[in-house]
Amino acid sequence: MDLRGKKVVLHDMCLRDGMHAKQHQISLEQMKSIAKGLDEAGMPLIEVTHGDGLGGSSVNYGFPAHSDEEYLKAVVGVVKNAKISALLLPGIGTVDHLKMAADLGVTTIRVATHCTEADVSEQHIGMAAQMGLDTVGFLMMTHMIEAEQIVEQAKLMESYGANCIYCTDSAGYLLPDQVKERIALLRRELKPETELGFHAHHNLSLGVMNSLVAVEAGANRIDGSVAGLGAGAGNTPLEVLVAVMDRMEVNHGIDLYKIMDVAEDLVTPIMDNPIRIDRDSLTLGYAGVYSSFLLFAKRAAAKYGVSSRDILVELGRRRTVGGQEDMIEDLALDMAKARGLI
Amino acid sequence: MAEKIKAAIIGPGNIGTDLLMKALRSALIEPVWMVGVDPDSPGLLRAAEMGLKVTAGGVDGMLPTMKADGVQICFDATSAYVHAENSRKVNEQGALMIDLTPAAIGPYCVPPVNLKDALAAGSSNVNMVTCGGQATIPMVAAVSRVQSVSYGEIVATVSSKSVGPGTRKNIDEFTRTTAGAVEMVGGARKGKAIIVINPAEPPLIMRDTIHCLTDDEPDQDAIRKSVDDMVAEVQKYVPGYRLKNGPVFDGNRVSMFMEVEGLGDFLPKYAGNLDIMTAAGLRTAEMFAEEMLAGRFSLPTLASV
Chain B
1 MDLRGKKVVL HDMCLRDGMH AKQHQISLEQ MKSIAKGLDE AGMPLIEVTH
51 GDGLGGSSVN YGFPAHSDEE YLKAVVGVVK NAKISALLLP GIGTVDHLKM
101 AADLGVTTIR VATHCTEADV SEQHIGMAAQ MGLDTVGFLM MTHMIEAEQI
151 VEQAKLMESY GANCIYCTDS AGYLLPDQVK ERIALLRREL KPETELGFHA
201 HHNLSLGVMN SLVAVEAGAN RIDGSVAGLG AGAGNTPLEV LVAVMDRMEV
251 NHGIDLYKIM DVAEDLVTPI MDNPIRIDRD SLTLGYAGVY SSFLLFAKRA
301 AAKYGVSSRD ILVELGRRRT VGGQEDMIED LALDMAKARG LI
Chain Y
1 MAEKIKAAII GPGNIGTDLL MKALRSALIE PVWMVGVDPD SPGLLRAAEM
51 GLKVTAGGVD GMLPTMKADG VQICFDATSA YVHAENSRKV NEQGALMIDL
101 TPAAIGPYCV PPVNLKDALA AGSSNVNMVT CGGQATIPMV AAVSRVQSVS
151 YGEIVATVSS KSVGPGTRKN IDEFTRTTAG AVEMVGGARK GKAIIVINPA
201 EPPLIMRDTI HCLTDDEPDQ DAIRKSVDDM VAEVQKYVPG YRLKNGPVFD
251 GNRVSMFMEV EGLGDFLPKY AGNLDIMTAA GLRTAEMFAE EMLAGRFSLP
301 TLASV
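Heads up: the protein sequence lines correspond to chains B and Y, in order. With the first letter of the first sequence counted as 1, position 322 gets the number 322 in the numbering used here; the numbers rise by one all the way through. With the first letter of the second sequence counted as 1, position 191 gets the number 191 in the numbering used here; the numbers rise by one all the way through.
Just chain B, same shape as in the assembly (with noise of 0.2 Å):
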């Protein structure tokens, strides 16, 4: 694989997505030194919000230790070169939360949906790109459908506005070649203007390997977590993929022994469990489940005397989507009662 000279924007997760790993309860002061950290090695775009996005602030996904206007405002102030961006899911935030994470100084708004469900976002994405903001539209869960299938629906996303497209493997789930297929027609099929992205979950243990196949089928923009900190087994880590295009020649702007000592002096001490490849992050990965769901799978199994295996392989099975975190206790319910166990 040459991709050599190739430029590529990396853009953080771990305090985001990291925030489903943290039950959303990473503090203020954590997140102000990791942000200061990252935008000293150099990372040009870090995502701040609740882990479901603006407005997740839930029951169902967790109420975070502060909410997204105290964290952007904290992590705005304290960058010097970075942009700082915000996700939006639409069905949970709505267009006020987009403009208050705009008021505060938020650069880029990536609206998420599932991978055929673009038309939610027209009103999202639209505003955003109103507004002038760097306007991302961000497909989950894409290896439910074939990759023609994204076309059409990335192609709304683009009609709507926006100027960048992922290809989000939220589950964990693809596999080198099908990354390949996705982002090699969504580069041959959308505008050459609109900038490709690509989103891994690490539970196979491709993030890496997934993310510099993306690149090499004409992505530009690549999702990570400095020390893997995110949903399931965690996203692609970033300090490693830096020092592997370091040695690929790879131009992505990153020092790599600042972001290692990100990842190891800030990220790793905050974790309350180790991000790794465990039996449940695995079967995410194996069974295709979205990743965050990783956590309540583990509380609904230890709740209800059932198998958190279990429980995600029949998620997988139904083939439900981000955002049903609810169906999660539901299913456990019903397992016990099934197994005579309540």
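Careful: at least some of the hints might be erroneous.
[Unchecked claim] Rough simulated footprint, nothing fancy, chain Y against chain B, three-plus residues with beta-carbon under 8 Å:
hint, segment
1, 53-60
2, 87-101
3, 112-119
4, 133-139
By construction, these hints were calculated from the structure, which means they are not laboratory data. A quick note: this is a predicted structure, and the numbers were derived from the prediction, not measured. Yeah, the Cβ is synthetic: ideal placement off N, Cα and C, and Gly gets one too.
Starting from the known structure of chain B, arrange chain Y on it as the hints suggest.
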């Protein structure tokens, strides 16, 4: 045959047609008009075959003879954009408007919770909130009538096929309107609404989760009874309304997990979200009709909204 109140349905789409099929079975409502804007619309043709008067000229096409035809109740199953104008016109003709769009210019109405208030207020326009609101607000109210609820949150999961283009273009309206009604009708001090769309095949039956946070420790027995009673009330007009699991008590959290299966009149059974709207709209009309027939609700005295 017992006397019925004559009604018009505006909007011959999926919702309007499903409503028509339900209304044809009603002991209190007699649908006489179907109003559309497209002469080729299958819904208009179907209504004409069923013996209704039809027009493709919008509400204006019905207005000249509406009074003579005895129309006392209108259902609007069009869109929020044209609703206000439709409502003004039919109110002028002395008819009550039941709004199935998210326009919400009249008071919110969730039949088993506050229909009696709407009747007492003599509103000339009542709004049916949203599908998610109809499915979940009765449960929030079932808890809040037992003890104070500081926060009510609902998650509606619906099949991709049951979500029309209007909802998709303005999904924020769903979350805002539903959250507002969780507070105003459900009785939670703060409301939140989430909608998730799932494209699985075969389509999933509408499912709803309701979380309430109570101020004090939940009175489990009283809440269980209140929830069961409320489910039975909703089942009177939506037989496929089921409490799957719960109430689950976890500290001050009370959670209910529901499934809503439709009757499958015109819309498929999985589209319980659409069925509960048409059923609630008809239920509302029937309650008004009962009052009208008993002479307790006379149209000329209708207050304007």
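Taking the hints in turn, this is what the structure says about them:
Coverage of the segment 53-60 of chain B by chain Y holds in this model, with 3 residues showing a Cβ closer than 8 Å to a Cβ of that chain against a need of three. Here the segment 87-101 of chain B counts 6 residues with a CB under 8 Å from a CB of chain Y, which clears the bar of 3, and the coverage holds. With a threshold of 8 Å between beta carbons, the proposed coverage of the segment 112-119 of chain B by chain Y holds, since 4 of its residues qualify and at least three are required. With 0 residues having a Cβ less than 8 Å from any Cβ of chain Y, the segment 133-139 of chain B misses the three-residue criterion, and the hint is violated.
Checked against the numbered hints listed earlier, the structure breaks hint 4 alone; every other hint is satisfied.
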